[in-house]
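*Asks:* Next come the chains, spelled out residue by residue.
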Amino acid sequence: MTHNRYVVILGCGRLGSYLANRLSRDGNSVVVIDKDEATFRNLSPDFSGFRVIGDAGHMAVLKEAKLKKADVLIATTREDNVNLMVAQVGRKIFGVPQVLARVFDPKREEVYAQLEIDTICPTSVAADIFLRAIANDAAKMRGKSS
Amino acid sequence: MKAIIVGGGKTLYFICRNLTSKGYQVIIINRDKEECIQLARQLPATVIWGDGSDVGILGEAGAMGADAVLAVTPNDQDNLVICQLAALKFGVPRAVALANDPDNTEVFETLGVSAFSTTHIVGSLIEQRASLEQITNLLPVGEGRVNVTEILLDETSPAAGKRLKEITLPENALVAVVIRDKQPIVPRGDNDLRTGDRLVLITLPENHGPVLKAFTGERR
Numbered sequence: 001m002t003h004n005r006y007v008v009i010l011g012c013g014r015l016g017s018y019l020a021n022r023l024s025r026d027g028n029s030v031v032v033i034d035k036d037e038a039t040f041r042n043l044s045p046d047f048s049g050f051r052v053i054g055d056a057g058h059m060a061v062l063k064e065a066k067l068k069k070a071d072v073l074i075a076t077t078r079e080d081n082v083n084l085m086v087a088q089v090g091r092k093i094f095g096v097p098q099v100l101a102r103v104f105d106p107k108r109e110e111v112y113a114q115l116e117i118d119t120i121c122p123t124s125v126a127a128d129i130f131l132r133a134i135a136n137d138a139a140k141m142r143g144k145s146s
Numbered sequence: 001m002k003a004i005i006v007g008g009g010k011t012l013y014f015i016c017r018n019l020t021s022k023g024y025q026v027i028i029i030n031r032d033k034e035e036c037i038q039l040a041r042q043l044p045a046t047v048i049w050g051d052g053s054d055v056g057i058l059g060e061a062g063a064m065g066a067d068a069v070l071a072v073t074p075n076d077q078d079n080l081v082i083c084q085l086a087a088l089k090f091g092v093p094r095a096v097a098l099a100n101d102p103d104n105t106e107v108f109e110t111l112g113v114s115a116f117s118t119t120h121i122v123g124s125l126i127e128q129r130a131s132l133e134q135i136t137n138l139l140p141v142g143e144g145r146v147n148v149t150e151i152l153l154d155e156t157s158p159a160a161g162k163r164l165k166e167i168t169l170p171e172n173a174l175v176a177v178v179i180r181d182k183q184p185i186v187p188r189g190d191n192d193l194r195t196g197d198r199l200v201l202i203t204l205p206e207n208h209g210p211v212l213k214a215f216t217g218e219r220r
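Which chain is which? The protein sequence lines are A and B, in order.
Quick note: UniProt numbering has the first sequence finishing at residue 146, numbered continuously throughout.
Quick note: UniProt numbering has the second sequence finishing at residue 220, numbered continuously throughout.
There could be a bad hint or two in this list.
Claimed, not checked - With a cut-off of at most 35 Å between alpha-carbon atoms, the simulated DSBU-like pairs for lysine-lysine come out as follows: (1) B:LYS89 <-> A:LYS68; (2) A:LYS92 <-> B:LYS22; (3) B:LYS2 <-> A:LYS35; (4) A:LYS66 <-> B:LYS2; (5) A:LYS92 <-> B:LYS10; (6) A:LYS107 <-> B:LYS165; (7) B:LYS22 <-> B:LYS2; (8) B:LYS89 <-> A:LYS69; (9) A:LYS35 <-> B:LYS22; (10) B:LYS89 <-> A:LYS35; (11) A:LYS63 <-> B:LYS22; (12) B:LYS89 <-> A:LYS92; (13) A:LYS107 <-> B:LYS182; (14) A:LYS92 <-> A:LYS140; (15) B:LYS162 <-> A:LYS107; (16) B:LYS2 <-> A:LYS63; (17) A:LYS107 <-> B:LYS10; (18) A:LYS68 <-> A:LYS92.
Unchecked claim - Incomplete in silico selection of chain B near chain A, CB under 7 Å: (19) SER53; (20) ILE57; (21) ASP78; (22) LEU80; (23) LEU88; (24) LYS89; (25) ASP101; (26) GLU109; (27) LEU111; (28) SER114; (29) LEU152.
Stated by the list, open to error - Take a look, some chain B residues computed to stay more than 10 Å from chain A by CB distance: (30) ILE37; (31) TRP49; (32) GLY56; (33) LEU85; (34) ALA173; (35) GLY189.
These aren't lab readings, by the way, just hints derived from the structure by calculation.
Note that the structure is predicted; figures quoted are calculated from it, not measured.
Think of the CB as a built atom: it goes at the ideal place given N, C-alpha and C, for glycine as much as any other residue.
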């Protein structure tokens, strides 16, 4: 990823804070939004970006994070619907060029692909890895038995 | 007609009571188990306990084949997603979302979901009722871009006693119907206007004020 991009991250849980720390360390301008101030403890001491406290479902909060200027928006809250709404608002109303949302429910992910909203579904990603691992083990066992 | 309503509280209760009394088949989806039990006791509706933004639950509620889905939960993001899933996944012809944050009505419309805000509706009603007591009805149509207003001409009205073509109206305004002695007349330029007439006006929000002034005069 190129440096010096303006990245807005929604949610400062395990995934959000991890991304924020990494992207900040790589030289990007990062803004993290979370409604729970305590989650900002997850940010590392060398995190150089901004913190916004607020509910991302409110337009005022997204404006405060200067979403209009953002190059990238990443929605990582634990609520699928929040991520899906903010991703669409970021894409279609604020015109953010790159928008990614975490969505746990694979059935929801499928529908939003139709709306050209890029989602990452940890459930289906993990399932794929598990299935591949199982298939590999099975192949190995067959190799041994023959 | 079959309608699915997602949400709870008094809004849902009264909407549901209203629709079932008109003969709708209503299915309620609510996340709170206790509230589901209460609703099932109080209303002649099918009640499903679960997350209305879950594709499985919507399917279970019979979204495929429903005529309308109404999302009135206190969370705007849930209402948006429920309506989008209903329309995209199940092809429900009418999906309407409550926007708790009035700013979100516009956002939802941009994202392709019909939305309403109780704050907006109540606000505009109070404004209209308070500003002119002669206005008996105000109906925003075309997503609020057109107003249909019913007004009463009284003796102080500058329009009373004039012919319609003698009244200078702003552009994009129309007197659609004159109701005189309970008889509706579709007026032409030569029709006169009398005290006691009820006029149905079609205006745009930007010329609504000036048009009203032309018929009722200046007063507050």
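*Asks:* Against chain A, with CB atoms and a cut of 7 Å, does the hint on B:SER114 hold up?
*Replies:* violated, 16 Å
*Asks:* Does B:LYS89 pair with A:LYS69 here, judged by a C-alpha cut-off of 35 Å?
*Replies:* holds, 33 Å
*Asks:* Mind checking the CB of B:LYS89 against every CB in chain A and telling me if the closest is under 7 Å?
*Replies:* Given a least distance of 5 Å, the restraint on B:LYS89 holds.
*Asks:* Does A:LYS92 pair with A:LYS140 here, judged by a C-alpha cut-off of 35 Å?
*Replies:* Not OK: A:LYS92 and A:LYS140 at ~48 Å, beyond 35 Å, violated.
*Asks:* Holds or violated: is the Cβ of B:LEU111 closer than 7 Å to a Cβ in chain A?
*Replies:* Holds, because the Cβ-Cβ distance from B:LEU111 to chain A comes to roughly 5 Å (cut-off 7 Å).
*Asks:* Was B:GLY56 rightly flagged as not at the interface, with every chain A Cβ beyond 10 Å?
*Replies:* Label violated. Min Cβ-Cβ 7 Å, cutoff 10 Å.
*Asks:* Between the alpha carbons of B:LYS2 and A:LYS63, is the straight-line distance 35 Å or under?
*Replies:* Violated, because 39 Å separates the two Cα atoms, which is more than 35 Å.
*Asks:* Are the Cα positions of B:LYS2 and A:LYS35 separated by 35 Å at most?
*Replies:* Status violated; Cα separation ~38 Å.
*Asks:* Using Cβ atoms and 10 Å as the threshold, tell me whether B:ALA173 really stays out of contact range of chain A.
*Replies:* holds, 32 Å
*Asks:* For the restraint on B:LEU88, tell me whether the closest CB of chain A is nearer than 7 Å.
*Replies:* Hint holds; B:LEU88 Cβ to chain A Cβ min 5 Å, cut 7 Å.
*Asks:* Between A:LYS35 and B:LYS22, is the straight-line Cα distance small enough, at 35 Å or below?
*Replies:* violated, 42 Å
*Asks:* Taking only the CA atoms, is the gap from B:LYS89 to A:LYS68 under or equal to 35 Å?
*Replies:* holds, 30 Å
Hint violations for this structure: numbers 2, 3, 4, 6, 9, 11, 13, 14, 15, 16, 20, 26, 28, 29, 32 and 33, all remaining hints satisfied.
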